[in-house]
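First to last, the sequence lines map onto chains A, B, C and D.
The first sequence begins at 1 in the working numbering and counts up one residue at a time.
The second sequence begins at 1 in the working numbering and counts up one residue at a time.
The third sequence begins at 1 in the working numbering and counts up one residue at a time.
The fourth sequence begins at 1 in the working numbering and counts up one residue at a time.
Partial selection, computed: residues in chain D whose CB lies under 8 Å from chain A:
1. TYR190
2. SER193
3. GLY194
4. PHE212
5. PRO213
6. HIS214
7. LEU216
No wet-lab data here; the hints were simulated from the structure.
From a predicted model like this one, the values you see are computed outputs, not experimental measurements.
Glycine included, C-beta positions come from ideal geometry on N, C-alpha and C.
4 protein chains.
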Amino acid sequence: MTQHFKHIGLFGKHSHPGVSDTLHQLLRFLKARELAVTVETETASAMTRCDAPTCSREHLGSQCDVIIVVGGDGSLLNAARAITHQQIPVLGINRGRLGFLTDIRPNELENKVGEVLDGHYLEEKRFLLDGQVFRDDKLLAEGNALNDIVLYQGDVARMIEFELAINGEFVYSQRSDGLIISTPTGSTAYSLSGGGPILHPELDAVVLVPMFPHTLTSRPIVINGNDKIEIIIAADKETYPRLSFDGQQHVNLAPNDRIVISKFPKQLRLIHPKDYRYYETLRSKLHWGTKLLATHTE
Amino acid sequence: MTQHFKHIGLFGKHSHPGVSDTLHQLLRFLKARELAVTVETETASAMTRCDAPTCSREHLGSQCDVIIVVGGDGSLLNAARAITHQQIPVLGINRGRLGFLTDIRPNELENKVGEVLDGHYLEEKRFLLDGQVFRDDKLLAEGNALNDIVLYQGDVARMIEFELAINGEFVYSQRSDGLIISTPTGSTAYSLSGGGPILHPELDAVVLVPMFPHTLTSRPIVINGNDKIEIIIAADKETYPRLSFDGQQHVNLAPNDRIVISKFPKQLRLIHPKDYRYYETLRSKLHWGTKLLATHTE
Amino acid sequence: MTQHFKHIGLFGKHSHPGVSDTLHQLLRFLKARELAVTVETETASAMTRCDAPTCSREHLGSQCDVIIVVGGDGSLLNAARAITHQQIPVLGINRGRLGFLTDIRPNELENKVGEVLDGHYLEEKRFLLDGQVFRDDKLLAEGNALNDIVLYQGDVARMIEFELAINGEFVYSQRSDGLIISTPTGSTAYSLSGGGPILHPELDAVVLVPMFPHTLTSRPIVINGNDKIEIIIAADKETYPRLSFDGQQHVNLAPNDRIVISKFPKQLRLIHPKDYRYYETLRSKLHWGTKLLATHTE
Amino acid sequence: MTQHFKHIGLFGKHSHPGVSDTLHQLLRFLKARELAVTVETETASAMTRCDAPTCSREHLGSQCDVIIVVGGDGSLLNAARAITHQQIPVLGINRGRLGFLTDIRPNELENKVGEVLDGHYLEEKRFLLDGQVFRDDKLLAEGNALNDIVLYQGDVARMIEFELAINGEFVYSQRSDGLIISTPTGSTAYSLSGGGPILHPELDAVVLVPMFPHTLTSRPIVINGNDKIEIIIAADKETYPRLSFDGQQHVNLAPNDRIVISKFPKQLRLIHPKDYRYYETLRSKLHWGTKLLATHTE
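Just chain A, with the same shape it has in the complex (with noise of 0.2 Å):
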């Protein structure tokens, strides 16, 4: 069952060469179809000169039924952050390098998002992770992320040396540069590139890669999407590793600061063209058409 959607929100990656024209394009397009729309505010401040009514970031979703991103898969993570609250659906016109989450082509602009509009497209759900940093039994700080938290190395490249428990039973003491804690969204970006498998975006599960263990036999574990991670920092004071979410939002974190991750109880609806296919994105994504090791016996 889908939507006929009537009033539309735009976000855009400020200062992004050519989202500012695609915006307009958009604007135009839409305009031309009688929607209604309106446009994030610093995203419009960003464009020309921009016509439509404006508003905040948290309050385009309760006046839009849905939203479309103009940018890369960035520009989407970060209004999918602001916008999962109201599960408004997503739809991502890809300005950037690439595109898993925005997978419409500037080109095919018209083509594609007059299909959504009228109704014909796919709809996904996208689940998101909560952080939650503990310091002394206090909450110090919370976010989501639809692609990833890593803990990580501050500012002195030092070895973090942390503790895990996935429900409540102890897992490992590691030592390491960190651990990427990722979504099957975010498994085609960090984690892949530490050595990550791919989830397929419907899979109900968590994967862990540890970042240049110490031991070598640390490896990618996948666990399921409900289980409740916990780190403890290890109380060596003079580690002071970061959490980051989606790679945008940082914490700065402590000796003996305890960090919870589970799912975050809203999902992400994310909206495709009907053509959409999943691994055809993959294999688009990484040549896998193209063959690129020498012959060995050929």
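For chain A, the structure is supplied; the task is to place chains B, C and D on it using the hints.
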């Protein structure tokens, strides 16, 4: 809700030093408890003198209410494929090198087995894969696997070329040495040495690990446990790969053969002593307790 | 100091579509330049009509002062092993999928080959490995390889067990699917897909890459090109692995066989057009120009 | 040709439990042998009571004919960078977790050190890297490293973008978390946890290991030890990475900075007891003796 077991089936690896001793020890222990015991025929013939009734592997399940396997994980894999149809619980006693599945050591046999027989145990469900090979649309062979189904080069060491589809959607055509399709149970066996992730045993997922892929960006993919996997061997007349089930049964393949892999409808009931902890087994088998690398900064 | 070549030997992959066309084009081009041309016998028989004199692969080297190979890297490997004894320079024209060794494309054939014949070329020395198999201290078989010598499972897919020594010092006993022993030339072929590093072709080194090792901490080791490598197949009577040379020649092994691998005394003289750059080839073959991953932070 | 050592310099990790005890034990042992001993100033101040003459780290080399380092590999790295200029041999006694470089255990101290002092030892040459940082063509900083020089993200966790050239030839522009440039000595340290190969210590080679590269086909490259490596930080004004020497000294970098890395002209003279075997150390440190994986076929 646990059971009290009354009739125990014994199954052991033939010709493994030490297995016969452990079987005799077990037999004495079970008789002292006045329990009914039936020994699998081939197992009995490998024991120096076996005075218990025997029956074939196929009928063991219908006579007993629990099977105890003495050997390594390989022996348990072997038993599991025979027993799964009858859904009899299985307990493993480790005589081999390592045991992710067989987690009782001979020296703790009486304590641990005693506890289990008294109903103090944990029961896990582990799913198996079912693999069917079709030639010209006719079913040529079928098998199942608790660990993994592996497509690999046959006697000529040539790169294999095949196409992969999941739920009817084309994923890729690949040139490689083969493909490992592993359950969570198998994820700590062959798949792990091929670079696959560890999947928690309760995860309803399957991992596909390309073996020495020609394309460097081919990476392990984790998909839903209920997905239907199809592999079509390329029409190249020189490729005659093989398919193995748990590395124990083998099928010769030919060009154009179609392999269909999906979850086997019945699950293995795997029994552990009450103090079994999955992550503890991982830590112990993978030496996570030990720091293996030279300290970088120290 | 470069040569002007007067007598050209032609060598091509039999039965590869397009190779015959390129050979004819090359023949016309060389005749127009009034150069002597001899075609390898099997190559000639695969050409639709070949009016040039022919000779066997073994004698080609003694008659010509340069060999041009038309095909893929596999064809050049094939030629290289035959020609190395005579130290005739070799030039490759790429008709296969990829070419680390055959770096002239058919469409630039006349320009590039013309330049090379005029003495405008780069010459590289590439070393080969020599592998000897001893059974009961008698030499059973011998071969050489420009890319790699690979110990692998034979027709039964069983883990191999063997011992490795370098310069007489015991290194490890390993259980795995096999071992790749690769030259720098082969480091971008099979070895790379097995997780081996890229070795610059001028490096006097050999890399040993374990295949699916049982022990997760078994990693590629790079040793001196002059080191003597010895492998002893375990005495287990069920293991009959094989040894391959460039994936093109195969030797059946038996328990207790001893394999001795060392540098072959003569080197291949590999010729490139003047504008050849190694790192450019790498960039192009491995798609380094392209960004493959989803942006993390953007 | 070995030396008999007369004047021993002592160097230890300050504040490491156990180091002080071992230093005192060593001091008593050396005095009983009537040898001259000088203790490095900071080391002496960390000992509970040190009645031997002391001198600064910089002058230790000019007074002594051998330096004994007590600590872990980190302490030896620290000493090595100070001592290499004077080419004094160094012997390591391991008090840390692991020791590829410090291979005498405290409990065998008297035997092994005694042997070495009597001239029964092996001497290895280990080369160091020299790294220079240029800003606007002026030398900003310089350092050397026995293990590795690492380009990494500074306090903001952002992907770094840089260009790499070897011997003046462009290799690639890379987006990643950084780059490890490791000697053979460092190949078993940080580089190994980043997926780099093990390089035999006598190899005249350097390995470049990309850290979490954006491009999945970026792989470790092994080049000649005499190659000149140049890295240019991208002109993007938001990237301020860092450079570390053995993880112990750090330089802040800015956009457009140029880093030149080449072999340091003087080599470390590393001393081992007579029975030292490199592959034995590898086997022991990497647990190669132990089979870590679940048996596949058994």
